[in-house]
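Chemist: In case you want the letters, here they are:
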Amino acid sequence: MDKVKLNEEQINHLKEFIKTKGFHDHAVILEILDHFACKIEDIMTNEPKMSFYDAITKARLSFGVMGFQPISSAFEKQSRKKYRNVYFSNFIKTVSSIKYIPLLLLVGYAIYTFWIFCEKNNYKHFIEINDCSLFIALFLLTAFAVKLMMSPGRTFRQKSYFFKLASSMVSFLPFFIYIAGPNRLLFSDTHVHSLRPAAVTLAVFFVYIAIHIIAEYKTLKKAIEDDKEIERFYKTA
Amino acid sequence: MLGIHPIYLGMEQNPVIKGSLSAIILKLLENNGRMYGYEMTKAVREITSNKMSITEAALYPALHKLVEEGMLETISESVDGRMRKYYTLTKKGKKDTIVKIDALKDALESVQLLLNSKLNHG
Numbered sequence: 001m002d003k004v005k006l007n008e009e010q011i012n013h014l015k016e017f018i019k020t021k022g023f024h025d026h027a028v029i030l031e032i033l034d035h036f037a038c039k040i041e042d043i044m045t046n047e048p049k050m051s052f053y054d055a056i057t058k059a060r061l062s063f064g065v066m067g068f069q070p071i072s073s074a075f076e077k078q079s080r081k082k083y084r085n086v087y088f089s090n091f092i093k094t095v096s097s098i099k100y101i102p103l104l105l106l107v108g109y110a111i112y113t114f115w116i117f118c119e120k121n122n123y124k125h126f127i128e129i130n131d132c133s134l135f136i137a138l139f140l141l142t143a144f145a146v147k148l149m150m151s152p153g154r155t156f157r158q159k160s161y162f163f164k165l166a167s168s169m170v171s172f173l174p175f176f177i178y179i180a181g182p183n184r185l186l187f188s189d190t191h192v193h194s195l196r197p198a199a200v201t202l203a204v205f206f207v208y209i210a211i212h213i214i215a216e217y218k219t220l221k222k223a224i225e226d227d228k229e230i231e232r233f234y235k236t237a
Numbered sequence: 238m239l240g241i242h243p244i245y246l247g248m249e250q251n252p253v254i255k256g257s258l259s260a261i262i263l264k265l266l267e268n269n270g271r272m273y274g275y276e277m278t279k280a281v282r283e284i285t286s287n288k289m290s291i292t293e294a295a296l297y298p299a300l301h302k303l304v305e306e307g308m309l310e311t312i313s314e315s316v317d318g319r320m321r322k323y324y325t326l327t328k329k330g331k332k333d334t335i336v337k338i339d340a341l342k343d344a345l346e347s348v349q350l351l352l353n354s355k356l357n358h359g
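Chains as they are written, first to last, in the working numbering: chain F, 1 to 237; chain L, 238 to 359.
Accuracy of the hints is not assured; some may be wrong.
[Said to hold, decoys possible] Under the rule of at most 25 Å between Cα atoms (straight-line distance), these lysine to any residue pairs were calculated in the SDA-like manner:
{"id": "1", "chain 1": "L", "residue 1": "Lys302", "chain 2": "L", "residue 2": "Asp343"}
{"id": "2", "chain 1": "F", "residue 1": "Lys228", "chain 2": "L", "residue 2": "Thr311"}
{"id": "3", "chain 1": "F", "residue 1": "Lys235", "chain 2": "L", "residue 2": "Thr311"}
{"id": "4", "chain 1": "L", "residue 1": "Lys264", "chain 2": "L", "residue 2": "Lys288"}
{"id": "5", "chain 1": "F", "residue 1": "Lys82", "chain 2": "L", "residue 2": "Asp343"}
These are calculated hints, taken from the structure and not from any lab test. Since we're looking at a predicted model, the values are computed, not measured.
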């Protein structure tokens with residue numbers, strides 16, 4: 001008995017069928033598609049008189065009450081863990097990289113010096129309008145603009161499954177650490193030898209932010225590459 | 238049971254088999270080199286003459302867990318107009334397969350002994 005092979009039109013019909021079940025991300029559709037198509041091919045091989053559409057119904061029922069959901073959930077869970085691991089691996093690589101250590105030291109030194117300058121010029125209270133607060137506002141705005149410019153377009157973001165997963169996972173980390181830690185120390189007036197603990201804490205925090213940005217950038221870059229690969233498979237499939 | 242063999246209800250229905258799923262996957266890959274998801278479910282049905290089946294709900298989480306643990310790696314290829322994900326054993330996976338299979342065999346032997354002992358005393 002010749003094994004039935006689904007043609008391009010039938011494969012496209014299956015993609016649309018999976019979409020009607022609530023799975024719109026191309027990565028998820030591809031994860032389900034091959035298993036589903038193999039099942040239909042086997043049913044049509046074993047029951048040659050059965051139509052393609054009846055084989056779809058039979059194959060769909062064999063997935064059980066939950067349908068494609070277990071495959072989708074397992075895939076999402078694994079993808080989230082994958083990007084978390086990629087992020088932490090990039091974080092460690094950045095901290096231990098000879099390429100980045102001078103940059104990180106420079107960031108730390110610049111922030112420390114800036115804080116000392118602010119203190120000497122009585123600009124400690126950032127809420128008031130002064131040179132320091134303006135500089136910080138300008139820095140934050142520039143950082144935000146750079147991030148916006150570097151992130152992919154809206155259309156890509158909407159349909160990119162891995163990018164969405166990776167960005168939702170890594171973005172909250174610095175805010176949590178900031179709230180939990182250094183912001184309480186900024187208003188301390190203590191000195192330890194010639195160092196200002198408040199300035200050191202702020203410098204360390206900004207170094208952490210720099211490491212986070214580099215690790216996040218590399219993680220999102222990997223997610224974009226994975227999304228592009230999925231799109232290649234989706235279009236050729 | 239509506240004429241269906243209890244074990245055929247799927248692996249997640251049978252806790253003993255469910256606990257052995259990762260060992261079964263590793264053994265299949267050890268024997269066949271590389272396999273894709275559906276091929277594994279088919280192989281299990283064929284080897285056990287349809288007495289046992291792996292459902293998708295049990296197979297894919299187990300596969301992803303093994304990938305995460307570094308036992309398996311995946312290669313995606315375009316086959317018959319669709320993406321197919323092949324799973325293969327990593328070096329770590331090859332080593333651990335032997336350990337897992339031995340552990341499973343020991344456990345099954347122990348269960349067998351217990352069951353026989355119950356019969357003898359009964």
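Chemist: It remains to establish, for every hint, whether it holds in the given structure.
Modeler: Results for each hint:
For the hint pairing Lys302 of chain L with Asp343 of chain L, the CA-to-CA distance comes to about 23 Å; that is within 25 Å, so the pair holds. Distance check on the hinted pair: Lys228 of chain F and Thr311 of chain L sit about 17 Å apart at the alpha-carbon level, within 25 Å; holds. For the given pair, Lys235 of chain F sits about 21 Å from Thr311 of chain L by alpha-carbon distance, which is consistent with the 25 Å threshold. Note on Lys264 of chain L and Lys288 of chain L: the hinted pairing holds, with a Cα-Cα distance of about 18 Å set against a maximum of 25 Å.
For the hint linking Lys82 of chain F to Asp343 of chain L, the alpha-carbon distance of about 33 Å lies beyond 25 Å, and the restraint is violated.
In this structure, the one hint that does not hold is number 5.
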